[in-house]
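J.: The hints should help you fit chain Y onto chain V, whose structure is shown.
Chains as they are written, first to last, in the numbering used here: chain V, -4 to 108; chain Y, 1230 to 1343.
Bear in mind the hints are in silico, worked out from the structure with no lab data behind them. Treat the hints with care, as some may be off.
SDA-like cross-link-like pairs, simulated, lysine to any residue; straight-line CA separation at most 25 Å [as the list claims (entries may be wrong)]:
no.	chain 1	residue 1	chain 2	residue 2
1	V	K100	Y	R1339
2	Y	K1271	V	D49
3	V	K100	V	S34
4	V	K63	Y	Y1330
5	V	K56	Y	Q1246
For reference, the chains in residue letters:
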Amino acid sequence: AQSVTQPDIHITVSEGASLELRCNYSYGATPYLFWYVQSPGQGLQLLLKYFSGDTLVQGIKGFEAEFKRSQSSFNLRKPSVHWSDAAEYFCAALNQAGTALIFGKGTTLSVSS
Amino acid sequence: EPEVTQTPSHQVTQMGQEVILRCVPISNHLYFYWYRQILGQKVEFLVSFYNNEISEKSEIFDDQFSVERPDGSNFTLKIRSTKLEDSAMYFCASSRDRSSYEQYFGPGTRLTVT
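Chain V extracted, bound-state conformation:
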């Protein structure tokens, strides 16, 4: 069965430092992959997506992610974290039928000053 794994439950990063959130997927074919962010009291906001083509994708708020088929990974990165980036981050993959998203458990990001 398809699955998405986010190994890190909670990460703390200093403001201005770089960030990498890990995501691994299990999927037989070319996956459609997403990163969502959820701030307290808000819905899930799409940060970026990968369908095909260039394996480095740019998203909103200065985020990027790199698809690595050999590692079954789709890690989210940001070169310099801002305090407003503190939130919960979800990696997701589209199921084979293209009808539903399969989510990881999420990673909570805290930003220290």
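T.: Here is chain Y on its own, set in the frame of chain V:
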């Protein structure tokens, strides 16, 4: 910017009661979804809805659950007889069409069953 809205933001109900969670998808979207997240667990797919019928449902979506689009704007999730284990955050989402694959989520309704 158009967004998905959900009401109420928090619902408390007693076990065995019926609840209806409401969602207003983005107006030109055609596909609608419900997901839930039990505290500390993954966001899980419940059901997708298109053209006034369920297009896919997960094993979680049993006979206690139903969905409806009662008018041109609302999309509802009904739980007929709530159980303690139904306590979760319920997210509604919508997408413009199948090929876009981008689902836009609402802020969620926190359901607490006591």
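J.: Quickly compare the C-alpha distance for K100(V) and R1339(Y) to 25 Å and report which way the hint goes.
T.: Holds, because 17 Å separates the two Cα atoms, which is no more than 25 Å.
J.: Below or equal to 25 Å on CA atoms is what counts here, so check K63(V) against Y1330(Y).
T.: holds, 21 Å
J.: For K56(V) and Q1246(Y), compute the direct alpha-carbon distance and say whether it is at most 25 Å.
T.: violated, 42 Å
J.: Keeping to a limit of 25 Å between CA atoms, is the pair of K1271(Y) and D49(V) held or broken?
T.: violated, 29 Å
J.: Holds or violated: K100(V) with S34(V), Cα cutoff 25 Å?
T.: holds, 15 Å
Figure legend: structure checked against the earlier numbered hints; hints not met, in rising order: 2 and 5.
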